[in-house]
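There are 2 protein chains.
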Amino acid sequence: MTYKIELSSDEVPKQWYNMLADLPVPLPAPKNSEGKDQIAALQLAFTKAGLEQEFATDRYITIPKEVRELYMEMGRPSPLVRANKLEEYLNTPAKIYFKREDSSPTGSHKLNSAIPQAYFAKKEGVERLTTETGAGQWGTALSLACNLLGIDCTVYMVKVSFNQKPDRKNIMHIYDSDIYASPSENTKVGRQVLAENPDHPGSLGVAISEAMEEALENEEVKYSLGSVLNHVMLHQTVIGQELKTQLEIAEEEPDVMIACAGGGSNLAGSLFPFIKDKIEGNSDTQFIAVEPSACPTLTEGTYDYDFGDSNGFTPMLKMFTLGHDFVAPSVHAGGLRYHGMSPIVSLLTKEGYIEPRSVHQKDCFEAGITFARNQGIVPAPETTHAIKATIDEALKCKETGEEKTIVMNFSGHGMLDLKGYASYFEGTMQNAK
Amino acid sequence: MTYKIELSSDEVPKQWYNMLADLPVPLPAPKNSEGKDQIAALQLAFTKAGLEQEFATDRYITIPKEVRELYMEMGRPSPLVRANKLEEYLNTPAKIYFKREDSSPTGSHKLNSAIPQAYFAKKEGVERLTTETGAGQWGTALSLACNLLGIDCTVYMVKVSFNQKPDRKNIMHIYDSDIYASPSENTKVGRQVLAENPDHPGSLGVAISEAMEEALENEEVKYSLGSVLNHVMLHQTVIGQELKTQLEIAEEEPDVMIACAGGGSNLAGSLFPFIKDKIEGNSDTQFIAVEPSACPTLTEGTYDYDFGDSNGFTPMLKMFTLGHDFVAPSVHAGGLRYHGMSPIVSLLTKEGYIEPRSVHQKDCFEAGITFARNQGIVPAPETTHAIKATIDEALKCKETGEEKTIVMNFSGHGMLDLKGYASYFEGTMQNAK
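For the protein sequence lines, the chains are G and E, in the order given.
Number 432 marks the last residue of the first sequence (numbering that gives the first Met the number 0); no jumps.
Number 432 marks the last residue of the second sequence (numbering that gives the first Met the number 0); no jumps.
Don't read these hints as lab results, they were simulated from the structure.
On a predicted model such as this, the values are computed, not experimentally measured, just so you know.
Please note that a few of the clues may not be correct.
The list cannot tell twin chains apart, which means a pair is met if one copy fits it or any two copies do.
30 Å max Cα-Cα, derived DSSO-like pairs, lysine-lysine [claimed, not checked]: (1) Lys84 with Lys47; (2) Lys403 with Lys121; (3) Lys64 with Lys397; (4) Lys418 with Lys317; (5) Lys121 with Lys187; (6) Lys121 with Lys84; (7) Lys30 with Lys84; (8) Lys243 with Lys84; (9) Lys47 with Lys395; (10) Lys277 with Lys164; (11) Lys164 with Lys418; (12) Lys395 with Lys317; (13) Lys403 with Lys349; (14) Lys243 with Lys397; (15) Lys158 with Lys418; (16) Lys47 with Lys121.
Produce the complete structure using the sequences and hints provided.
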């Protein structure tokens with residue numbers, strides 16, 4: 000019987016896998032909107048290494064020794080676990096595996112990109128990184144990474160989340176970063192928004208603008224983003240590469256692979272090395288991206304050029320989008336409320352390699368509870384989306400009798416999101432759509 | 000360079016180690032107080048298997064196959080990690096290792112005893128287990144274990160904690176148990192207390208009485224305790240046995256071993272298999288039990304017969320105690336506020352095998368923050384006590400130049416205790432004593 004498959008520290012991948020090298024069609028380049036030069040702004044705001052990786056075409060990019068060591072210090076490789084109890088409960092012939100990215104000290108996959116981003120910043124003499132955070136997972140990871148690398152970190156957290164989730168602020172304080180409720184008095188953008196409406200609840204768009212403004216106006220400050228961009232997807236591929244080794248040990252070929260998708264980073268990280276095989280004709284694995292029905296970017300959005308933020312501060316990216324002024328209902332899966340999607344994930348969805356699916360919030364929490372009751376671990380609201388699809392696929396197998404191997408990326412735990420579960424039990428949870 | 004030492008699932012121990020077989024002097028038996036028969040009550044309240052194990056003298060007791068499988072399903076063995084970054088930060092020649100009991104789905108070592116207790120109850124036809132919980136770690140673990148075994152679970156949570164820690168209630172709901180703020184209207188004891196004082200804040204003593212009353216008055220209900228008793232210590236020895244294997248792989252002989260101590264269960268679990276060697280004259284490892292200065296049971300208590308609860312409901316146990324009416328100040332380490340101590344841990348302390356030490360709350364949180372900033376993982380308030388002593392020992396090595404190997408049991412994570420850290424940063428934290 001298989002319970003978990005652990006790799007030793009020295010099996011942390013030595014290279015990141017760059018999906019840009021193997022795309023079936025070229026990725027449309029970012030472009031400026033009429034009369035503006037957002038690309039120049041981007042070049043000022045990001046580290047040189049981040050920008051280089053953003054457009055790199057090498058298939059494999061060496062992970063710097065120091066980054067790889069920090070991956071190991073922080074517990075990588077993460078375990079792959081067979082969900083025996085869940086299979087038993089569902090009475091399915093399917094085999095279910097999940098990759099435990101929740102085992103990171105910050106509780107999600109986000110540290111995989113936070114560490115290299117902080118490392119490259121430090122190497123380039125950057126004194127401080129700024130970023131925004133919605134649900135808080137990315138802000139938490141970047142806070143720890145900056146602290147490990149010895150640079151400062153400033154996080155702009157959407158004010159409504161800042162007030163609703165004091166524990167996110169607490170954990171970022173433990174990691175010694177500065178956290179501000181956005182809109183704040185720190186920046187021109189923030190002050191302007193507050194002047195118009197002192198009670199503004201904040202938005203990811205405003206928070207991005209505040210964090211970027213600091214980077215644009217201070218030479219020693221750079222801006223850091225936790226999803227969507229190509230170099231973030233690149234960093235996350237340590238997940239999928241470990242997963243390949245672990246599935247080989249388990250002697251399994253995945254029939255279905257599942258991840259939730261907000262900006263796309265945990266999906267990219269876990270699935271890209273496998274999608275490569277499919278593009279090359281060496282696999283017929285089915286890849287499923289799961290998003291909330293409240294923010295159906297891939298299932299109902301359009302594939303077009305749009306801004307990455309709500310203010311039109313970033314260049315235009317070719318991606319699935321609900322429009323940069325789309326405001327998703329306030330579902331608990333704050334990490335899946337983004338209006339756009341990683342351009343690479345968007346392209347692979349457009350080309351038919353990734354199958355998008357949207358699910359309702361209450362069904363996701365129900366699936367999350369089923370998972371916790373059988374496998375013990377309480378999933379993050381975002382992760383419950385992947386679980387819902389996994390359970391659905393396993394139940395299909397029960398009907399058809401197929402013994403499929405289903406592999407899910409368990410992107411994070413829900414220890415700081417238990418209020419969402421409380422609202423489920425209290426019956427106050429809405430499906431939002 | 001060593002980062003972590005993982006064992007495979009089939010290296011989960013096949014037996015529990017029973018310290019009772021190797022004590023340097025016999026353990027004084029529990030006794031009744033004058034005119035009462037608490038031992039008879041105990042026999043009614045607990046499962047047969049629990050009582051048998053409580054007095055068993057075999058050195059090793061086979062772990063039932065089903066229990067061992069559930070240990071594996073829930074992720075055991077737990078990793079042993081080298082704290083390289085902390086060593087580097089402290090600039091110490093000491094080597095620091097920590098055993099990650101926080102990697103359990105419920106976030107602490109408590110599941111190690113919750114699973115067998117639920118298993119034996121199920122096997123004996125028990126329909127429901129009752130228990131009390133203070134900080135919430137034990138109630139959480141027993142809730143999950145009962146759910147895994149298919150029996151009901153009722154948790155009496157001290158009212159003041161119940162109101163302060165809604166997330167503990169939420170997670171126990173996820174695991175499908177019934178949680179009541181104690182004093183409750185469910186029991187005679189609870190109703191009586193409420194009649195006298197409707198605003199009674201609750202106490203562990205009252206909660207124990209409520210949980211035991213249910214077991215004494217309903218044949219199909221048994222009572223379960225998460226620390227102090229011999230059979231709980233027994234179950235926890237999976238930790239220390241795994242640790243032995245892991246230290247052999249690392250080619251390390253521990254010079255100092257450290258655990259925090261409330262009722263004694265994580266200390267017993269991690270240290271007993273090593274204390275055996277010392278009693279047999281095969282080791283000169285130093286064993287340190289760390290407790291809060293606010294509840295200095297081992298350092299300032301007396302070694303005498305006392306009740307396990309504040310109401311005199313349990314038999315009298317020979318142990319270090321601050322008196323059964325002692326009420327510890329409200330420190331954040333709720334799991335270390337118990338007036339007594341495991342009789343076995345008490346005896347081994349009395350006999351000089353375990354060296355007790357008390358530490359102040361603020362120093363512990365400071366140590367916890369240092370740990371989190373270097374190793375990533377945020378420790379539970381209880382665990383910060385072990386960390387404080389570990390850092391102190393490592394700094395002593397820096398002074399003397401000794402290259403000691405220090406091994407600490409990392410009993411749990413602090414994801415549900417972040418408010419304690421907030422009060423540290425806000426400067427509102429007291430040392431309590």
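- Tell me, which hint numbers fail for this structure? 2, 4, 7, 9, 10 and 12
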